[in-house]
Every structure is written in structure tokens, then in C-alpha cells.
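Q: What follows is the residue order along each chain.
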Amino acid sequence: MPRRGREGGDRRLRGSPAPYRRRSPPSRGHLGVWGQGLGGTGFGRERRGGSTRLPVSRQGPCSHGADRVGHVGQRAGAGVRPEGQKYMTSVVKLFGPLTRNYYVRAVLHLLLSVPAGFLLATILGTACLAIASGIYLLAAVRGEQWTPIEPKPRERPQIGGTIKQPPSNPPPRPPAEARKKPSEEEEATAAGGSPGGPQANPIPVTDEVV
Amino acid sequence: MGNWVVNHWFSVLFLAVWLGLNVFLFVDAFLKYETADRYYYTRKILGSTLACARASALCLNFNSMLILLPVCRSLLSFLRGTCSFCSRTLRKQLDHNLTFHKLVAYMICLHTAIHIIAHLFNFDRYSRSRQATDGSLVSILSSLSHDETKGGSWLNPIQFRNMTVEYVTFTSIAGLTGVIMTIALILMVTSATEFIRRSYFEVFWYTHHLFIFYILGLGIHGIGGIVRGQTEESINEGHPHKCAEYFEMWNNHDCRCRRPEFEGQPPESWKWILAPVILYICERILRFYRSQQKVVITKVVMHPSKVLELQMNKRGFSMEVGQYIFVNCPSISPLEWHPFTLTSAPEEDFFSIHIRAAGDWTENLIRAFEQQYSPIPRIEVDGPFGTASEDVFQYEVAVLVGAGIGVTPFASILKSIWYKFQGADHNLKTKKIYFYWICRETGAFSWFNDLLTSLEKEMEELGKVGFLNYRLFLTGWDSNIVGHAALNFDKATDILTGLKQKTSFGRPMWDNEFSTIATSHPKSVVGVFLCGPQTLAKSLRKCCHRYSSLDPRKVQFYFNKENF
Numbered sequence: 001m002p003r004r005g006r007e008g009g010d011r012r013l014r015g016s017p018a019p020y021r022r023r024s025p026p027s028r029g030h031l032g033v034w035g036q037g038l039g040g041t042g043f044g045r046e047r048r049g050g051s052t053r054l055p056v057s058r059q060g061p062c063s064h065g066a067d068r069v070g071h072v073g074q075r076a077g078a079g080v081r082p083e084g085q086k087y088m089t090s091v092v093k094l095f096g097p098l099t100r101n102y103y104v105r106a107v108l109h110l111l112l113s114v115p116a117g118f119l120l121a122t123i124l125g126t127a128c129l130a131i132a133s134g135i136y137l138l139a140a141v142r143g144e145q146w147t148p149i150e151p152k153p154r155e156r157p158q159i160g161g162t163i164k165q166p167p168s169n170p171p172p173r174p175p176a177e178a179r180k181k182p183s184e185e186e187e188a189t190a191a192g193g194s195p196g197g198p199q200a201n202p203i204p205v206t207d208e209v210v
Numbered sequence: 001m002g003n004w005v006v007n008h009w010f011s012v013l014f015l016a017v018w019l020g021l022n023v024f025l026f027v028d029a030f031l032k033y034e035t036a037d038r039y040y041y042t043r044k045i046l047g048s049t050l051a052c053a054r055a056s057a058l059c060l061n062f063n064s065m066l067i068l069l070p071v072c073r074s075l076l077s078f079l080r081g082t083c084s085f086c087s088r089t090l091r092k093q094l095d096h097n098l099t100f101h102k103l104v105a106y107m108i109c110l111h112t113a114i115h116i117i118a119h120l121f122n123f124d125r126y127s128r129s130r131q132a133t134d135g136s137l138v139s140i141l142s143s144l145s146h147d148e149t150k151g152g153s154w155l156n157p158i159q160f161r162n163m164t165v166e167y168v169t170f171t172s173i174a175g176l177t178g179v180i181m182t183i184a185l186i187l188m189v190t191s192a193t194e195f196i197r198r199s200y201f202e203v204f205w206y207t208h209h210l211f212i213f214y215i216l217g218l219g220i221h222g223i224g225g226i227v228r229g230q231t232e233e234s235i236n237e238g239h240p241h242k243c244a245e246y247f248e249m250w251n252n253h254d255c256r257c258r259r260p261e262f263e264g265q266p267p268e269s270w271k272w273i274l275a276p277v278i279l280y281i282c283e284r285i286l287r288f289y290r291s292q293q294k295v296v297i298t299k300v301v302m303h304p305s306k307v308l309e310l311q312m313n314k315r316g317f318s319m320e321v322g323q324y325i326f327v328n329c330p331s332i333s334p335l336e337w338h339p340f341t342l343t344s345a346p347e348e349d350f351f352s353i354h355i356r357a358a359g360d361w362t363e364n365l366i367r368a369f370e371q372q373y374s375p376i377p378r379i380e381v382d383g384p385f386g387t388a389s390e391d392v393f394q395y396e397v398a399v400l401v402g403a404g405i406g407v408t409p410f411a412s413i414l415k416s417i418w419y420k421f422q423g424a425d426h427n428l429k430t431k432k433i434y435f436y437w438i439c440r441e442t443g444a445f446s447w448f449n450d451l452l453t454s455l456e457k458e459m460e461e462l463g464k465v466g467f468l469n470y471r472l473f474l475t476g477w478d479s480n481i482v483g484h485a486a487l488n489f490d491k492a493t494d495i496l497t498g499l500k501q502k503t504s505f506g507r508p509m510w511d512n513e514f515s516t517i518a519t520s521h522p523k524s525v526v527g528v529f530l531c532g533p534q535t536l537a538k539s540l541r542k543c544c545h546r547y548s549s550l551d552p553r554k555v556q557f558y559f560n561k562e563n564f
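From first to last, the protein sequence lines stand for chains E and H.
First residue of the first sequence: 1, per full-length UniProt numbering; consecutive thereafter.
First residue of the second sequence: 1, per full-length UniProt numbering; consecutive thereafter.
Heads up, some of the hints might be wrong.
Using 30 Å as the maximum straight-line C-alpha spacing, the simulated BS3-like pairs for lysine-lysine come out as follows [what the hints assert, rightly or not]:
| id | chain 1 | residue 1 | chain 2 | residue 2 |
| --- | --- | --- | --- | --- |
| 1 | H | K420 | H | K554 |
| 2 | H | K271 | H | K32 |
| 3 | E | K86 | H | K538 |
| 4 | H | K523 | H | K538 |
| 5 | H | K271 | E | K86 |
| 6 | H | K538 | H | K432 |
Distance ranges between label pairs, derived from CB positions [what the hints assert, rightly or not]:
| id | chain 1 | residue 1 | chain 2 | residue 2 | range |
| --- | --- | --- | --- | --- | --- |
| 7 | H | R128 | E | V91 | 14 to 22 Å |
| 8 | E | P115 | H | C83 | 19 to 27 Å |
| 9 | H | L98 | E | L119 | 35 to 43 Å |
| 10 | E | G125 | H | Q372 | 49 to 57 Å |
| 11 | E | V91 | H | Q372 | 48 to 56 Å |
| 12 | H | H101 | E | V91 | 32 to 40 Å |
| 13 | H | R284 | E | L124 | 24 to 32 Å |
| 14 | E | E150 | H | H101 | 31 to 39 Å |
It is worth saying that the hints were derived from the structure and are not from the lab.
Model, not experiment: these values are computed from the prediction.
Note that CB positions come from ideal geometry on N, CA and C, so glycine has one too.
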């Protein structure tokens, strides 16, 4: 699967809406009058409830709303990021507000475009830099600025961390109040983060009442 | 290596022919301008850069003709339909139209660069020869008058001594259109990079319409006739090889050599681009006409995880499996068309698409449909357009791999199989289907689960349990899910999906899968269809090459990737 969280690169921070990832989980099928349709066939049935409670996650740069992947416009900076910008990012970060601000960049590009305009051979360079300056100006007016993309530290699950310790004392086990101290310490250090409480169950136990 | 050749020979041949034509045209034009007598005097001023510029101009004409053709979707669909008797390899080539479009674009960029550099030299040399006062051949040639009464037989387009090259560039038609075309080309190419296409598609789409300026500019670029060659009669009167040395005496009446006369070349770009432009205009008119036809939305279903299903009807709409349509919603954005694979089967009396929210347009669309008390937005549909999935039933054994949302074309295929079995269509060439569905979590595809459940049931009823062999792979698993699965191991149905087939966790091991398929079908042609990310395509392609035997009678794996 393609890697998430690539490093470096320009990401434009927009003032407004948060990416949909952070919204509350979508409400279930609320079709209303449309749900009946005109005699649906086998596959048009509405779902009345989510079948799983798994979190909705993005599927990497290839998943879009339109399944013709790579076509639908995504949110700014979401998904595909240009590679190989790690070193540039660290250099550009050094200058702080001078490089972060898009007004400064617009003026800089405009100034750079002037010397090239004096010679016919470089006049295309002038045109391109002037257009770039215009784009930065437009972005600056809209309140965008440069934010470096840091590589997200990928959480590597500890090899031993997910191994949950079975209960160290065999049944019948005493109630919580009479819990032995040494075994509690043992469990706490060994499991390293398993949920606390009188009894840490390795697999979540649900009371299956049919 | 052998397998690669077998699978790609047509692409290689096609590209070789295209490159060969480019090289041939370039060299041919270069030699023509470098050796012809007509341009003898022109070459005296300009040198070899004249030939460079003209050769690259010819290649530009050729490639500009080619660049519009791969994007005429309807034309390609038409070719696909009429070529059903053609071999699979030829039709597969039509899937790679966008790759070819990009290659031709790169060639245009290369030749534009050569052309511009050569003409910069040319202008500079013309300017210098205009300013030369030493009475050399070049200065005499340059001073040939622009006076219309004498037939305008000038050579040097720079009329006056104080005219700068910049002035000429921006006041001559060729110069001005050249600058406009080049800026349009630069903007088009830079906005078409993958990053911008995937993140800001609208920017790409609207900027790419600058091609109109490019084509118009190309049509009128040569009107001024700045490239001048000697006229026929002038050559007959005084051949340059004889007369060039006596240039000082051209004004004398008793000299046999007269002043040479020049004429400009008529523009020829329009001849190259006329036909493709007409085809493209027809294509756009057809798309517009199709989009104006009324689309009736018969059902709207909101699935969990923000998946919207739209079932629609349109007069005269007929589709095949795995085709896609372009959808426009004028109330959201009047000019944006987005492609969606059809998820319904051709046997149904409606056509449907499933839209997932990821991006501005799709989110707005879903929000618009969620409003229960406002009228349903109008939808325009263009299509359907064909892709590789149409070929699924041409293979005896088909391996379908859908990753994430890439499962949608296979929804259409599987539904079609369902209907075919219901209608007892036993003429299906396909004898076995292996379906692999890989996704991170199944919540967004619960609608697909329904389909698989019905298929399971039907296969059991008909006693054809072996026909459809599917496996689901959940790659985004954690210990909780595995714990659940372990606890429910002996249940008949899978806890996550409710299907009889248990979900596997992690990614499939393709080597195992392919070797199993190869051993169970030793003499068949197996079609592998993928709808998913590039990395998966690479590994599948490798496996196809590895497990196809070199003997064409034994098992052969053909890889088809959806065009994304």
C-alpha cells in the first residue's frame, strides 16, 4: 500500500473548513421519502445502520470519491504530496516569516522577473516568473501561507506491547479488594499500558446475550 | 523478458513508428532547408538555424495533429466497438490514450524549445545584418526593399535599422502568436503535473482549456510569410551559385545577374491540424448534446461512510460492464465533469453510480442530495465510455482485483453475472472467476456486501459453487478485530461482513495465488483485471509475467489495468 505521511513539501493552510476526517462519524442512512424509490431491485436497498464500527479512514492517495481515481479534486495537500522536498523544506524553514509569507514571495518573484525582460532570449522567463508572482499574490490575498510538512512519526507497535498477559493468578480469583500487590506490579510492568482495573482481560469480553 | 515482449509488442511498435516518423520528418526538413537552392541567400544570413527552426516546425505540426486525437473519447469508443474482431492487443492499446497524449505533449515541448532557440538566433542574425554597413552580401540582401509595388521581394523581415528584435517579436504575427502559444503551452504543462491533477483537478481542467489559444495561434502563426525563399523565375534568371559572387554588381544594368526576388512560404500548419480540430469539435458537440438529454433520477440511496448511490434513467442509454460515465451537476459547478464507474449491470433497467465523499465537488454533491426538503439537483450525464472491464467475459478465467474503492467496476461485472445466471445464459465464455477485494476497512463498502451475499446464495442454489471464487482482504486490521475473528472462528459466516467466505487479514500473497491459478488452469488464457493503486499494479504485472509460460498454448496471464 502506498505510504502515508510523506515528507517535505508545500502545504497550503486554508482558513476555512477542516478536512472531513475530523468531522463526527457520518449519520446512518437517513433517506426519508427517497428511500422507497420506484421498486428497487436487489441491490438498491438502503442501509439503515453502519455494519461495522470501524473508523472511516482514507485509503491512501488512490482513494477518491469518484472511483475513477486520480481525478476528483481533493482537499489541499491531502493525499499525494511531491516527493524529495525534505532538504528544501529544512532550508526554507530557516528564514522564517520571510519565506513563509506569500506576499514576500510574490514581490520577490516580481523583482526577479524584471532583469530577464531586457533580453529577448529570456523574455519567457519574465513571463513565467510574473505569472508565478501573480499566483502567489492571489494565494496571499486569500490568506494562505507556507507550512512545512513534517514526516509524521509512524507509530511502530512495540513487539511485546500487544501481547497481553494472561491473568497471573488462576481461578478462583479473589475480588478486586483482595488483589495481591506483587501481581499487580508484575502486570503493570509487563503489559505496559493495558487498561487498568481489577482484571485486565486479554480479549475484550462482551456479554453475549442473544 | 520474453513475457514482457509478448505483452507489450504492440506498444513498442507503435511508439517506434511514432518516434521514427518524428526523426524522419525532422531530418528530411533539415536537409531540405540546408541544401535547397531556394534558400541559398536566406542561409547566407541565417546559417543552419534556419533549417533547425523549420525542421522542428514540421515536427510541431505533426505532433500538434496527433495530440488532439487521443482525447476524443467518443472516437476511441467507436474504434473499440468496431474493432471487436481485432485482437485483444490492439484494443488494449486504446486504454493507453492518455499516456500517448502525454508523450506527444513532451515531444511538442522539446520541439518548441528547439524552434524558439533557433528563431532567436534567426532574429538576432537578421538584426545584425540589417545593421551591417560594410556592403557585404548580407547587408545588400537585407536592404532589399519592402516596397509593395516591386512585389515586396524582401528577405529580411526587419525593415528599419533602429527596429529592435523585441519590437519585431511583438508586432509580427508570427512573433506574437509564438509568444502566446508558448505561454499557453507552459501553463498547460505545468498545471498538468500529477500533484496538481490529483489535488486541484479544477485548476488542471480549466487551465488545460488554453489549448484553444494554442491551436488558434498555430493556425495563424505562419501567415506573415517571414520565411522567405527565392522565387522560381528569379532562380532561372540568375542561379545563386553563379550570381552570389557578383553581388556588388547587381545594380548594374549590364550584369547578367539581377537582384534576387523572394517570396514567403504560405502557412501550412492549418493543413495538419484541420482534421483533428474538426474531430475534436465534433467530439465536444457530441458530449454537449449527450449532456443535454434529460436524466431522470429514480432512486437516491445514502449508504454509510458517506457513500451516495444514484440510480438514474436516460433515454437511449445503453452500457456494457465496467464502463464509466461523466457526471455534471450544474448547481454545484457548471463546467466540471467527473468520471464515475457504473455500478449497475447492463441487464438492469436503470444505471447507477456510487459516489464517495473525498473532495470538494463530491462533498458538495452529497450535501446537496442530503437536503431532504429542497428539490433534487439536476444531473447531466455523458457516456458511457469503455475501458478494459468490457473484456472480462472474453477470458476463460478471469482474476479480478479491486482495491478499496476500485471495487466498483467489478460490482457491475458481478451483477451482470448474477443476471446472466438468472437468465440461464450458459453461453458465457468465462468459466471461472477469482475475485480479490482488498480494502482497509469495509464500512464504506457495505453496499458491496449485499451484492456478494446475493451472489453467494445464488451460486449455492444453482449448484455452481465453484464458479465464483472470492476472497476479501482487510488490510487495516488491529488486534481487536483479530481477537473478534479468533473468538468467532467456528461460526459459519464472517463476523465482519456476514458472508460465508471468511475475511483474510493483511495483503494477499500474490505468488501463491498465481501459482494456484496457474496449476489449476494449465491451458487457459487468464485475464487479470486490476482497479487500484500503482504499487499493486506493479506487483500484479510482475506476477503475470512470471507465471505466464512462454509457450502460447499453456497458461497465459494478460494484465489489464483500469485507466485512472
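Q: Hints first: check each against the structure and report whether it holds.
A: Structure-based check of each hint:
With a CA separation close to 29 Å, the supplied pair K420 (chain H) and K554 (chain H) stays within the 30 Å bound. Restraint check for K271 (chain H) and K32 (chain H): satisfied, since their Cα atoms lie roughly 20 Å apart, inside the 30 Å limit. At roughly 26 Å between alpha-carbon atoms, K86 (chain E) and K538 (chain H) fall within 30 Å of each other, so this suggested pair holds. For a cut-off of 30 Å, the pair hint linking K523 (chain H) to K538 (chain H) stands: about 25 Å separates their Cα positions.
For the proposed pair K271 (chain H) and K86 (chain E), the alpha carbon gap of about 49 Å is over 30 Å, so the pair is violated. Pair hint K538 (chain H) plus K432 (chain H) holds up; C-alpha atoms about 24 Å apart against a cutoff of 30 Å. Take R128 (chain H) and V91 (chain E): their Cβ atoms lie about 43 Å apart, and the range 14 to 22 Å is violated. A hinted range of 19 to 27 Å for the beta carbons of P115 (chain E) and C83 (chain H) is inconsistent with their spacing of about 56 Å.
Checked against the given bound of 35 to 43 Å, the beta carbons of L98 (chain H) and L119 (chain E), roughly 38 Å apart, stay inside it. The given range of 49 to 57 Å is respected by G125 (chain E) and Q372 (chain H), whose C-beta atoms sit roughly 55 Å from each other. Distance hint check: the CB atoms of V91 (chain E) and Q372 (chain H) are about 53 Å apart, consistent with the given range 48 to 56 Å. Restraint check, H101 (chain H) to V91 (chain E): a C-beta distance of roughly 36 Å satisfies the suggested window 32 to 40 Å.
Restraint check, R284 (chain H) to L124 (chain E): a C-beta distance of roughly 30 Å satisfies the suggested window 24 to 32 Å. Range check, E150 (chain E) to H101 (chain H): Cβ separation about 36 Å, and the 31 to 39 Å hint holds.
Of the numbered hints given earlier, the model fails hints 5, 7 and 8; all others are met.
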